[in-house]
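*Asks:* Sequence:
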Amino acid sequence: MQVRKTYFNWSSGKDSCLALYYLLQDNSYSVEKLLTTVNKQLNRVTMHGLRMDLLQQQVRSIGIPCETVELPENPSDKLYEKLMFEKVSELKAHGFRYAAFGDIFLEDLRNYREQHLQHLGIRAIFPLWKKDTRKLILEFLDAGFKAVIICVNAKILDKSFVGRIIDRNLINDLPPEVDPCGENGEFHTFCFDGPIFGSPVQFSIGETIKKDYVLGDVRTPFWFCDLIPGNPITKHELKNCPRCNREFECKAGSINTCHCSTVSLTEQERNHIQNKFDDCLCNSCLKALKAEYHRHELTKQIRKFLRNDT
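Residues in the sequence shown are numbered consecutively from 0, following numbering that gives the first Met the number 0.
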């Protein structure tokens, strides 16, 4: 059987990683190149805003060479298609005949990709196509992958979601209208560890900013979380919890190790805690205050019901 020489259109996120994981287990495909679009002004991955240093660390850990297509800040459709045509033509000259994508169910996007590649004699493949997105994200976690949310659509999700690790708590915290894989563009991720990695990519969390993402005539506000390359902070400082006075190690600079990342909080729960305390709390107190908030809410509902009943 002839092996199909394939390049992967790489976003650096969870869907790309899971789709590549599928392909690497399929002996009929040979994935020999990753292809990523980059904002040349900012030197970051387009849309995700990921620093190039982290992209390079990621692909080195995966062990597949990566090439980039440099784009201006807001390229026209015509310029984007011209630059992609040139790069794909170059890949075809080196024997590539298949292009893989991590898309799941967006029909218009799939049609766009297939039509443009067909002119070059390249066949598009979609390993995740039409799979249930909730099952996919759970499969992603069960396989041992780890990812962090790097940006969110500010019209759909609040600032508290950026910088959070993808886990079951986060999936349960997503509003019901948000796709579990963010397939409608609700959020984007950076995958930093998993079964296709030689070793985890090390980083810490930087500042969070709000910035408009421009596509054609449409401007959409996004919250972006800057990830800083390098070893995460392993020992931030010893603190005394302002609620119970117990000493604990605060690692606020490390999304990988901070103990409070295990406590999932909604925006309402966060507001309840912030109204009471200004500083970091220990894990146990965060859980206790979360439970306290729900007791208060239940009490208010009971009182309201009793007033209406009388």
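The set of hints was computed from the structure by calculation and includes no laboratory data. Every residue gets a Cβ at the ideal spot worked out from N, C-alpha and C, and that includes glycine. Just so you know, not all the hints are guaranteed correct.
Unchecked claim - Lysine to any residue pairs mimicking SDA-like chemistry, simulated, CA-CA at most 25 Å apart:
id, residue 1, residue 2
1, K134, I208
2, K134, R96
3, K32, K154
4, K154, H118
5, K158, L23
6, K130, N152
7, K4, K154
8, K210, K275
9, K81, R96
10, K210, P179
11, K81, G62
12, K4, S60
13, K86, I63
14, K134, L116
15, K91, Q24
16, K154, E72
17, K130, Y28
18, K91, D131
19, K134, K4
20, K275, K299
21, K134, G120
22, K32, P71
23, K32, L119
24, K154, D172
25, K158, L34
26, K81, L34
Stated by the list, open to error - Label pairs and their calculated CB-CB ranges:
id, residue 1, residue 2, range
27, K275, N73, 27 to 37 Å
28, A287, P64, 21 to 31 Å
29, L78, T298, 34 to 44 Å
*Asks:* Hint by hint, note whether the structure agrees.
*Replies:* Structure-based check of all given hints:
1. K134 - I208: violated (31 Å)
2. K134 - R96: violated (30 Å)
3. K32 - K154: This hinted pair is violated, its Cα atoms lying about 35 Å apart.
4. K154 - H118: violated (37 Å)
5. K158 - L23: Violated, at roughly 35 Å.
6. K130 - N152: Between K130 and N152 the Cα gap is close to 23 Å, so the pair holds against 25 Å.
7. K4 - K154: Status violated; Cα separation ~40 Å.
8. K210 - K275: violated (31 Å)
9. K81 - R96: Distance ~19 Å between K81 and R96 Cα, so the pair holds.
10. K210 - P179: holds (23 Å)
11. K81 - G62: Between K81 and G62 the Cα gap is close to 29 Å, so the pair fails against 25 Å, i.e. violated.
12. K4 - S60: Holds. K4 to S60 sits at ~21 Å (cutoff 25 Å).
13. K86 - I63: Holds: K86 and I63 sit about 18 Å apart, inside 25 Å.
14. K134 - L116: violated (30 Å)
15. K91 - Q24: holds (23 Å)
16. K154 - E72: holds (22 Å)
17. K130 - Y28: holds (20 Å)
18. K91 - D131: violated (33 Å)
19. K134 - K4: violated (29 Å)
20. K275 - K299: holds (19 Å)
21. K134 - G120: violated (33 Å)
22. K32 - P71: With Cα atoms ~23 Å apart, K32 and P71 stay inside 25 Å; holds.
23. K32 - L119: holds (18 Å)
24. K154 - D172: holds (16 Å)
25. K158 - L34: The given pair, whose Cα atoms are some 30 Å apart, is violated under the 25 Å limit.
26. K81 - L34: holds (16 Å)
27. K275 - N73: 27 to 37 Å: violated (44 Å)
28. A287 - P64: 21 to 31 Å: At roughly 50 Å between Cβ atoms, P64 and A287 fall outside 21 to 31 Å, so the hint is violated.
29. L78 - T298: 34 to 44 Å: violated (59 Å)
Going through the hint list in order, the structure does not satisfy hints 1, 2, 3, 4, 5, 7, 8, 11, 14, 18, 19, 21, 25, 27, 28, 29.
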